[in-house]
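Chemist: Spelled out, the chains give:
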Amino acid sequence: MTASATGTLEPEIARLIIESLHLEITEDEIDPEAPLFGEGLGLDSIDALELALSISRNYGLELKSDDERNHRIFASLRDLARHIEEFRTK
Amino acid sequence: MCDPLIPLIGRAPHDVVFRRPGGSTTAAAFLADAQHLAAGLPDASHVVNLCQDRYCFAVAFAAALLRGQVSLLSSDRSTERLRGMAGAYPGLYALADEPGFEASLPVHPVAADASARPRFAPDNLSIRATQLAAIVFTSGSTGEPVAHRKLWGALAARSRDAGRRFRMSAGQPVSIVGTVPAQHMYGFETTVLLPLHAPASSWCGPAFFPRDVRAALEMLPERRVLVTTPLQIRALLQAESELPALDRVISATAPLYAELAAEAERRWQTEVHEIFGATEVGSIASRRTIASEVWTTYPRVRLHASRTRTGEEDVLVAGPFSELYPLSDLVERLDGTRFRLLGRRTDVVKLGGRRTSLAALNHILTSVEGVSDGIFVAPDDLDERPTARLLAFVVAPELSAEAVMAALRGRVDPVFLPRRVVRVDVLPRNPTGKLPEQALAVLRARVGEG
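Read top to bottom, the protein sequences are chains A and B.
So that you can map any letter, position 48 of the first sequence is 31 in the working numbering, and since no number is skipped, the others follow by simple counting.
Numbers in the working numbering are just positions in the second sequence, counted from 1, shifted up by 5.
In short, the hints are calculated from the structure, not lab data.
Treat the hints with caution; some may be incorrect.
Between beta-carbon pairs, the in silico distance windows are [unchecked claim]: (1) B:R414 to A:E16: 45 to 55 Å; (2) B:P249 to A:G43: 18 to 28 Å; (3) B:T135 to A:D14: 47 to 57 Å.
Note that the Cβ used here is the ideal one computed from N, Cα and C, for glycine as well.
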């Protein structure tokens, strides 16, 4: 994938996060480099579960945990967009 | 109270007790890990177990128990909470498995690296039944954490009884995949203590996203048992992928609606059982959700009725090595081993001489088409103010408040109809799907009902 493609997916994923989690913010309020969970956007593990379902519906990609300590595989919007781009099947 | 010695592990040395992505751990190997860690622990009376990996958690708990130290279990690991605990338990230190974890109290590292450990033949040590093994915290109704004391004898006996209830037999031990954190009472009992005293092994790898759960189940031998929550069952059903043969699904932490249980049974060709428990008393009863409204207590757990001075019936729970404990939920006791759940005690509302539970109202609310989540809230002065009425928060993007109200009319006794229906984008649920009192208070304050 090219760098410009990464640029196009970030706003799309930002919209998906806002819509599937019903957040009261706009896309440009999500700092692509800031943590999505805990501090930063303040999402929790139930949000992660919900978001994983939306991502799987939209991109045919099922998220998984790296290890039991950390099911927050997506540190930031940028990481998440990159990950989806690499492994999406639709 | 008699005080016998109860072994740390009630399994044969070669029995598999935990399974990890790297392989299986036998009772003997687990004991060796626990004894090795125990030998190096600092002297203290209390330790907070912050381990995130289930195996590390189990080893840390066992090591503390062997040293006579009380394990504090708290899902809240914020700096503020740790400081609060350190203040309440002088000399407190933490056991943590994240490299470089820093906190305001001394941290002792836990590593589940078997290769670095000297091999020796461990003794299956015994612990006094009355030894205080753990203190589990819940957020009280005021938001202040409440401590619940757990004696070793009661924990061990309850685990053995749970194994019998769920028909675990030594001839064909079950493989448990648990999606609930070990620091939560339900997760602690079913995924850490159960394999120590019932023919079961517990999965200690990732088990959070539907894909994790499926991968874990595929890796494990039959008879597989999934220990989870209504929320995760819903997510797994929505993920629409096949699961390997499941012997049983066990759910707890929030009410499991019969429709969801029925769909899970159909899709996975299995039985879905619910555990009834509370942090105060632990797991005490179960039922197959689609088969009956009646809960049956675990073997050796009995319900006693006692009249309070005001003439109300209190139901007391009795079990091995535990004192009589009043149940905080409103139940209809059928006999010493069977009961019907009417609602959480804090959940019961009385209006116009009628009684219902908020849980029952919430069920009606969330089954309205177009309502994806919702909750009824009682004002604090409900009992004193005759004109007081309930309030409802709903997540219903496509419906107006009037439409929700219209749907409730006819399904809800008019006296329990909400005075206001407030539409919100999302309810502030915590990781177990519950709505903490504090979060609710914030929500209420926002709409001027605080």
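Chemist: State for each hint whether it applies.
Modeler: Structure-based check of all given hints:
1. Remark: the range hint 45 to 55 Å for R414 of chain B to E16 of chain A is upheld by a beta-carbon distance near 50 Å.
2. The hinted range of 18 to 28 Å is satisfied by P249 of chain B and G43 of chain A, whose Cβ atoms lie roughly 22 Å apart.
3. The hinted window of 47 to 57 Å between T135 of chain B and D14 of chain A holds, with their beta carbons roughly 54 Å apart.
Comparing the model with each earlier hint shows no violations; every hint is respected.
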